[in-house]
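Novice: With the sequences and hints as input, model every part of the structure.
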Amino acid sequence: MKRAVLIASILLLLLASWFGYHSWHNRKTTALISLETPKSAEQNQTIEIPLTIFVPSSANAAEFYFSFPKDLIEITDIKKDGSIFQLWVKDSPSFDNNAGTIYLAGGSPTPGFSGGNLHIGTIVVKAKAPGRVQIQLNTAKSRILANDGLGTLIPSTYQTVTMSIQP
Amino acid sequence: MTGKARLLGLIVLGLTLSIGFVPTNVAQAISSSVDLSATIAGGGTTGNVKFTGDAFPNALVTILMGGSVVGTTSANGLSAFNKTIININAGVHTFSLYAQNGQGKKTVTISFNANVIANATITFSGILLSPIVTVPDSIKRPESLTESGVAKQASTVTTFTHSDTITKQTGTDGGGNWAVTINDVLHLGSHNVTALVIANGGAQSELTNPIDFLVKISADLNIDTRVNLTDFSILMFSYGQNNPGAKASDINDDTHVDLIDFSVMMFYWTGLQ
Chain R
1 MKRAVLIASI
11 LLLLLASWFG
21 YHSWHNRKTT
31 ALISLETPKS
41 AEQNQTIEIP
51 LTIFVPSSAN
61 AAEFYFSFPK
71 DLIEITDIKK
81 DGSIFQLWVK
91 DSPSFDNNAG
101 TIYLAGGSPT
111 PGFSGGNLHI
121 GTIVVKAKAP
131 GRVQIQLNTA
141 KSRILANDGL
151 GTLIPSTYQT
161 VTMSIQP
Chain U
168 MTGKARLLGL
178 IVLGLTLSIG
188 FVPTNVAQAI
198 SSSVDLSATI
208 AGGGTTGNVK
218 FTGDAFPNAL
228 VTILMGGSVV
238 GTTSANGLSA
248 FNKTIININA
258 GVHTFSLYAQ
268 NGQGKKTVTI
278 SFNANVIANA
288 TITFSGILLS
298 PIVTVPDSIK
308 RPESLTESGV
318 AKQASTVTTF
328 THSDTITKQT
338 GTDGGGNWAV
348 TINDVLHLGS
358 HNVTALVIAN
368 GGAQSELTNP
378 IDFLVKISAD
388 LNIDTRVNLT
398 DFSILMFSYG
408 QNNPGAKASD
418 INDDTHVDLI
428 DFSVMMFYWT
438 GLQ
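From first to last, the protein sequence lines are chains R and U.
Quick note on the working numbering: the first sequence kicks off at 1 and runs consecutively.
Quick note on the working numbering: the second sequence kicks off at 168 and runs consecutively.
Everything labelled a hint here was simulated from the structure, so no lab data went into it.
Predicted model, so just to flag it, every value in this text is computed and none were measured.
Be a bit skeptical, because a hint or two may be false.
Think about it this way: if two alpha-carbon atoms lie no more than 25 Å apart in a straight line, the pair counts; the simulated SDA-like pairs of lysine to any residue are [to be verified]: (1) K79(R) - T52(R); (2) K307(U) - T152(R); (3) K90(R) - D421(U); (4) K90(R) - S204(U).
Where chain R lies over chain U, by a calculated footprint (3+ residues, C-beta under 8 Å) [what the hints assert, rightly or not]: (5) 297-311; (6) 420-428.
By construction, the Cβ of each residue, glycine as well, lies at the ideal position given by its N, Cα and C atoms.
Specialist: Listed below in structure tokens is the structure:
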């Protein structure tokens, strides 16, 4: 009986190590896209939401497609100050308050960019009406590409943040 | 029918039978342009074979029998050559013929069988050797491709560029030199070129062996050796399009002008010089 418990414990330990390693490994090889949204805001308040990324290896181009609830917020501006992008692609950055979409795309020449807290731009939002706001990333279209001469996709994750607009 | 005429008939019959052993492609290549004739001499056990035709000006023409060199000659300034191989044992022999230029580049080797008859001279005339083709090992998309070489002077060279099948035709100058330029934006990857020459009289050479070349990826869209804001402008002009009119904008040649092309451009960026 004791032996069975010992074997089970070892197996559990190995399994936990395996999951732990892969979780660490994924963090090291996956880019992270973040919108630094406040948890709450007041109606009619103007909020600046920085878009930042962490990139584990050298990248040189990225594009982001966001959607937002157009009845709760509206975009008034997208600021490029301090961006890691030296060049912006056609029609970027842009937003459409009727469609509820935001688009940012650009990049920088070799050596590109890597590391954490890389600033892309700042989305200026006006809170229109009370409610819970989620700015969603279109993960099918958004991408970060490696600085490898081939435009290889760097896997990325995005965690949706909820902002509550108070009356 | 005189004895001489009967013998000639046998020689021609022998030659006809021999050509039946020639590989199909060779037979096709020479059938329309090579003439055979025979001249009968006195007694003995050996015969001669004479080769006349055109290569390119000042070509070094090599003749092989059974794979061994049995003679060489130089074409004159008008591309013509004339060589007789003497004292060949009677019987069926395989002859091959090619020409090369000063850089050692060779035409296609053409082969045919001859049934050598004692005391006879068989003449293969009207031979037209293929062009020599030179292409670079690689070009960077969207550079143009120059195909050049030598062939019979004052004739017409046709090139076939694959896998984007493009046919070009040009004349050779007095020195046998020719060149064509492919300005089409070729797809990325491996391609090859073959060519043939057509003499003024209508005779056509065999097609050359394919010569491979590679089209490599490049973000230098205006081909000025720099990747800078001008190239970025060209890319942006077609950005978001599928199958753009400006094909060079589709840098990775996947039919879409998108962020991948932009990324490749950023990789090769040389700056705003």
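Novice: Between the region 297-311 of chain U and chain R, are there enough contacts, at least three residues with CB-CB distance under 8 Å, for the coverage claim to hold?
Specialist: violated (count 0)
Novice: Please work out if K90(R) and D421(U) have their alpha carbons no farther apart than 25 Å.
Specialist: holds, 19 Å
Novice: Mind taking a look at whether chain R covers the region 420-428 of chain U? Criterion is 3 or more residues with CB to CB distance under 8 Å.
Specialist: holds (count 3)
Novice: What's the verdict on K79(R) and T52(R), does the C-alpha distance respect the 25 Å limit or exceed it?
Specialist: holds, 13 Å
Novice: Given the hint that K307(U) pairs with T152(R), does the C-alpha gap stay at or below 25 Å?
Specialist: holds, 20 Å
Novice: With a cut-off of 25 Å on the C-alpha distance, tell me whether K90(R) and S204(U) pass.
Specialist: Outside the cut-off at roughly 73 Å; violated.
Against the hints set out earlier in the document, violations occur for numbers 4 and 5.
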